[in-house]
Amino acid sequence: MSKWRNNNAWFLVLPVFAIVAFSAIIPLMTVVNYSVQDIFGPGQRFFVGVEWFRDVLLDERLHDALFKQLAFSFMVLLTEIPLGIAIALMMPKKGWTASACLVILALPLLIPWNVIGTIWIIFTRPDIGLFGAIVNNAGIAFDHTASPVDAWITLMLMEIWHWTPLVALLAYAGLRAIPEAYYQAAKIDGASSWAVFRYIQLPKMRGVLTIALLLRFMDSFLIYAEPFVLTGGGPGNTTTFLSIYLVKIAVGQFDLGPAAAFSLIYFLIILLFCWLFYQALQAVGTGDKA
Amino acid sequence: MKLKKRHLGLIFYLIILFLPIYWMLNMSFRTNADIMRSFSLIPTHPTLVNYMKIFTDPSWYSGYINSIIYVTINTVISLTTALPAAYAFSRYQFIGDKHVFFWLLTNRMAPPAVFLLPFFQLYSTFNLIDTHIAVALSHCLFNVPLAVWILEGFMSGVPREIDETAFIDGYSFPRFFIRVFIPLIRAGIGVTAFFCFMFSWVELLLARTLTTTAAKPIAATMTRTVSATGLDWGLLAAAGILTIVPGALVIWFVRNHLAKGFALGRV
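Chains as they are written, first to last, in the numbering used here: chain A, 1 to 290; chain B, 1 to 267.
Be careful, since some hints might not be right.
Simulated DEER-style distance windows between Cβ atoms [said to hold, decoys possible]:
id: 1; chain 1: A; residue 1: 44; chain 2: B; residue 2: 120; range: 12 to 22 Å
id: 2; chain 1: B; residue 1: 213; chain 2: A; residue 2: 232; range: 22 to 32 Å
id: 3; chain 1: A; residue 1: 145; chain 2: B; residue 2: 45; range: 25 to 35 Å
Residues of chain B placed beyond 10 Å of chain A at every Cβ, according to the derived structure [stated by the list, open to error]:
id: 4; residue: 73
id: 5; residue: 105
id: 6; residue: 212
id: 7; residue: 216
Don't read these hints as lab results, they were simulated from the structure. Yeah, the Cβ is synthetic: ideal placement off N, Cα and C, and Gly gets one too.
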C-alpha cells in the first residue's frame, strides 16, 4: 500500500516541527557546547576537545551502571508488554464495567513519580506497610534497604505496577480500533481465538505496540525519581542506574563538562536501541499478511 | 451474568493494582504519628486534618490550579498540532518524512538532568520564566512527538479507501477531517489526550525549573512535605490522593471514545 506523494504535506507537519525544534535544538546545542569545555564559572572556560568523552567511556562505574540499566529495562519490558496485552484482552468491551476498569487502570499513572517512590517506602515497610507486612507474615524476610536482591525486586515490582497500565491502555485503545468486520469474517472462517489474536488483533495493534515498546524502553532507561527516592541508589551501588549516576556527576560534583558528555553518550545509547527496535518492528510488520 | 475465568484474572489484577493506592488513601486519613506508630488496615482514628490543610493553605491549592492550567494548555496545543501532522505522516510521502518522524521521538530520549540549565537559559531569553505558558511549551517537547506517534498509529489503521470515497463524494478536506476522519480514530484521540494530560501532570523537573511562585506546580509543592522533622506522610498521602482526581476525571470523560471503537458503517 503506497502513500500519496505530495511535498505540500510539509505544511501539515510544520507547526509540530516548529514547536519541537524551538525547545529541542537550542538546548541540545548548548549541551554539545558544554561537553567539549572545562567550565570554572561564567566567562572562565577552556576548550578541551574530546577529553570528557574519553574519560566517560573509560569510566568503570559507568559500565557497571549501564549493565544494570540494560538488565533492568529488558526485564521490565519482558514483563510489562505481554502483561499489558493480556489485560487489554481481558477487559470488558463496553458498559460501566469497562469505564470502571479504565479509571482504576489509570490511577497509578497519575501520581507524580517522586510521590510514588515515597508511598512505596511506607508500603513496603515490614512494620507499618501493607506489602511488607503481608510478605513478612508469609515468613519471608524482606527489606529493600539492606538486601540488594530485595531492592531490585521492589524496584521491579514498583515499575511494573506503575507502568503496565500504560501498555494496557494503549493496547485496549488499539483493540477497540479494529473494525467489527474483521471479527465477523474470522467467525465465518471458523478461526480459533488464538488465530484471531495472532492474525487479526496482534498485527492491527502493531502501531500502538510499537509506541508502547519504545516509550517503555525510553522511560525505564531514564528512570530516576523512583529509585532515587526509594533507595537513593543503594544499598551500596546496587540500584545506581545511569540517570542516578549522571545526576551525581552533574549536581553532586557540579562537573558540567563531563556531565554533558555523559548525557550525550546516554542519549546516543537510547537512540541506538530505539532505532533497532523500530527497524525490527517495522520488518516484522511487513512480513505479515495483515 | 456468569463469571468467566478471564474476568477473575482481571479482577485479581485490578485488586493488586489498587493496593498501593488504597494504602495511600488509608494514610491520608491518619495523622503522621499514627502512621508511624502502628500497622492498621483501616484508619482507627480517621481525621481530615491533612485534607483541611491542603484546602485552606493557598500555597497548596494554588499548586493544583497552576498544574491544571498548564496541563490543559499543553494538551490543547499537543492535540491541535499533532492531528494534522499525524495525518500527513500516515497518508503522504514527502521529503524527509521518515527522518522527521523518527527525529520527533528522539526528543523524549534526552536525560533531563543536564538539559535543565540550557532550558532555563532558553526560556529566560524570552522572558517566560514563571509563566504557565513556559511550562506548557516545554512539555510540548515530549508530548507533541508522543501525540504524533500515537495518532499516526491509529490513522494508519484506517483504510485509505475511506479518504478516497469521501473526496469523490465531494467532501472538502477540512470537512472530511472533522466529520468523517476524527470520529473514526476517536479511540486514538481519547488515549492521546489522556497521555498528554498524564505526562504533563506528573512531570516535575522542567516544571520546577521554569517556575518560582506564580506558576508553581503541585508536584513541586509536594516536595515541601520533607521538612527538618522528617516527612509528613499523612499530608503527602492526602496530596497524592488529590493529584489523582483531575486525571481520573479526564479518563472518565474520554472513556466513551476509548470504548466506543471503530464502526465502518457510519461513513
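Do the hints match the structure? See the list:
1. A:44 <-> B:120: 12 to 22 Å: holds (20 Å)
2. B:213 <-> A:232: 22 to 32 Å: 29 Å Cβ-Cβ, so the 22 to 32 Å window holds.
3. A:145 <-> B:45: 25 to 35 Å: At 29 Å between Cβs, range holds.
4. 73: holds (12 Å)
5. 105: Label violated. Min Cβ-Cβ 7 Å, cutoff 10 Å.
6. 212: Correct as stated: the minimum Cβ-Cβ distance to chain A is 19 Å, above 10 Å.
7. 216: holds (13 Å)
In summary, the structure is inconsistent with hint 5 from the numbered list given earlier, while agreeing with all the others.
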